[in-house]
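Trainee: Here are the chains, one letter per residue:
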Amino acid sequence: MLKIKNYVKVKSIAEAYELNQKKSACVLGGMIWLKMGNRNVSTAIDLSGLGLDTVQEREDEFHIGCMTSLRDLETNAALNEFTQGAVRESLRHIVGVQFRNCATVGGSIFGRYGFSDVLTMLLALDTWVELHHAGRIPLAEFAQMKKDRDILEAVIVKKTPQQSVYLSQRNTETDFPVLTCAVSLCGGRARTVIGARPGRAKIVEDPDGILNGLTEMPETERTGAVQKFAEYAAEHTTFGSNMRASEEYRKLLAEVLVRRAWETLGGMKR
Amino acid sequence: MNLSFWLNGKLCNDEVEPGMMLLELLRTKGCYSVKCGCETSNCGLCTVLMDDRPVLSCSVPALRAEGKKIVTMEGMQKEAEEFGSFLADEGAEQCGFCNPGFIMNIFAMERELTDPTEEEIQEYLAGNLCRCSGFVGQTRSIRKYLAYKESQKKEGIRE
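Protein chains in written order, with this note's numbering: chain A, 131 to 400; chain B, 62 to 220.
Don't read these hints as lab results, they were simulated from the structure.
This one's a predicted model, so the numbers in the text were calculated from it and none came from an experiment.
Watch out, some of these pointers could steer you wrong.
Cβ-Cβ distance ranges computed for the label pairs, FRET-style [as the list claims (entries may be wrong)]:
no.	chain 1	residue 1	chain 2	residue 2	range
1	B	Glu127	A	Ala144	41 to 51 Å
2	B	Gln138	A	Thr368	51 to 61 Å
3	A	Lys288	B	Asp150	45 to 55 Å
4	B	Glu143	A	Glu303	20 to 30 Å
5	B	Glu216	A	Pro348	58 to 68 Å
Taking lysine-lysine and the DSSO-like style, the derived pairs with C-alpha atoms no more than 27 Å apart in a straight line are [as the list claims (entries may be wrong)]:
no.	chain 1	residue 1	chain 2	residue 2
6	A	Lys133	B	Lys205
7	A	Lys135	B	Lys129
8	B	Lys130	B	Lys90
9	A	Lys135	B	Lys215
10	A	Lys135	A	Lys289
11	B	Lys96	A	Lys133
12	B	Lys129	A	Lys139
13	B	Lys90	A	Lys139
Partial pick of chain B residues on the chain A-facing surface, computed with a CB cut under 8 Å [as the list claims (entries may be wrong)]:
no.	residue
14	Gly80
15	Gly91
16	Asn103
17	Gly105
18	Thr108
19	Leu117
20	Ile164
21	Glu184
22	Tyr185
23	Ala187
24	Gly188
25	Asn189
26	Thr200
27	Lys215
28	Gly217
Ideal Cβ placement from N, Cα and C applies to all residues, glycine included.
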């Protein structure tokens with residue numbers, strides 16, 4: 131059970147940062163995951179009064195405040211146009227509308243949860259995080275870091291030209307994903323992300339350049355390249371077992387999802 | 062801690078514990094339509110409207126309701142009765158335990174989506190689990206209800 135001794139609706143990020151330096155303090159996101167645990171929180175830090183709950187489209191980036199709800203991200207027309215609906219696809223299977231109105235982008239990203247659809251999707255884009263103390267760092271770097279006492283202020287999606295596709299597999303609608311997969315051609319570079327392994331989402335590089343020039347390849351060559359890379363990705367990613375699926379199943383599934391996602395992005399499949 | 066918010070159109074001032082969830086507060090204030098089902102943010106039974114948006118009251122700290130407008134089914138009795146008759150006509154009411162959260166989410170959907178398809182209805186209501194009456198009858202009743210509301214709107218325009 132979650133027990134909260136003091137609840138502070140902070141007036142500034144600096145105040146939140148200061149309060150959060152105590153180990154027993156805790157920043158509240160959407161509270162969805164936090165309230166499920168057994169924890170005694172001395173000071174619950176609420177950022178909801180700081181106006182950090184919007185998506186702002188700027189000239190060269192989308193600035194997503196940490197308290198933006200997953201539902202606002204899902205329904206943001208500009209961001210979805212930019213990602214060809216991939217962001218919406220990554221979110222619409224997460225429980226229900228009411229849940230996504232509560233859950234926040236900051237909570238999902240700061241938690242770096244293995245099951246996170248949001249982390250998988252954003253890793254496929256040119257995404258950065260804005261931390262109060264550490265400043266702006268790439269999301270890929272942040273995803274590998276251990277949790278610390280910094281405050282995540284915003285998530286930044288750069289408008290680097292990209293095409294992206296998101297796919298996930300669930301045992302049943304609204305459940306946690308068994309596996310998530312996002313692929314993108316971001317700044318001309320192929321990027322593949324596999325999440326819910328069940329560990330944290332990871333970027334699978336293409337060191338041999340299997341997918342180089344994918345969109346210009348003749349169709350038979352494209353099919354071969356996509357299949358070859360799907361096998362490579364499944365082979366070079368670590369999977370595990372949990373109550374939702376076994377390691378072996380995830381490995382087989384990864385090959386299928388990576389292949390399908392690249393087929394879609396390569397225009398071979400709708 | 063002091064909390065000031067609007068509940069079903071009335072301004073409320075309450076003293077609440079720091080860790081209290083909105084669900085608990087609403088029930089202490091007599092809103093028994095708001096029920097605790099799974100308590101894991103999955104079933105949708107505790108759905109209420111916060112500034113017109115459906116949220117899971119089991120997962121919202123009561124103190125986040127500061128200055129907000131909260132609406133439970135107690136505040137939408139007339140509308141709920143109207144929709145309830147469509148639900149009953151399709152044999153989709155059964156035990157009724159999940160109905161308050163389900164109905165509140167339908168009202169939210171009605172405000173948010175224009176002429177939704179069956180697929181859009183099912184997607185919007187995916188976070189409301191029903192274990193006994195089933196989703197087919199419920200979907201039928203929603204489609205008939207929305208068609209009825211649409212015809213009412215058109216009638217209003219003509220008049």
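Trainee: Taking each numbered hint in turn, which are not upheld by the structure, reported in ascending numerical order?
Mentor: Hints 1, 6, 9, 10, 15, 20, 26, 27 and 28 are the ones this structure does not satisfy, whereas the remaining hints hold.
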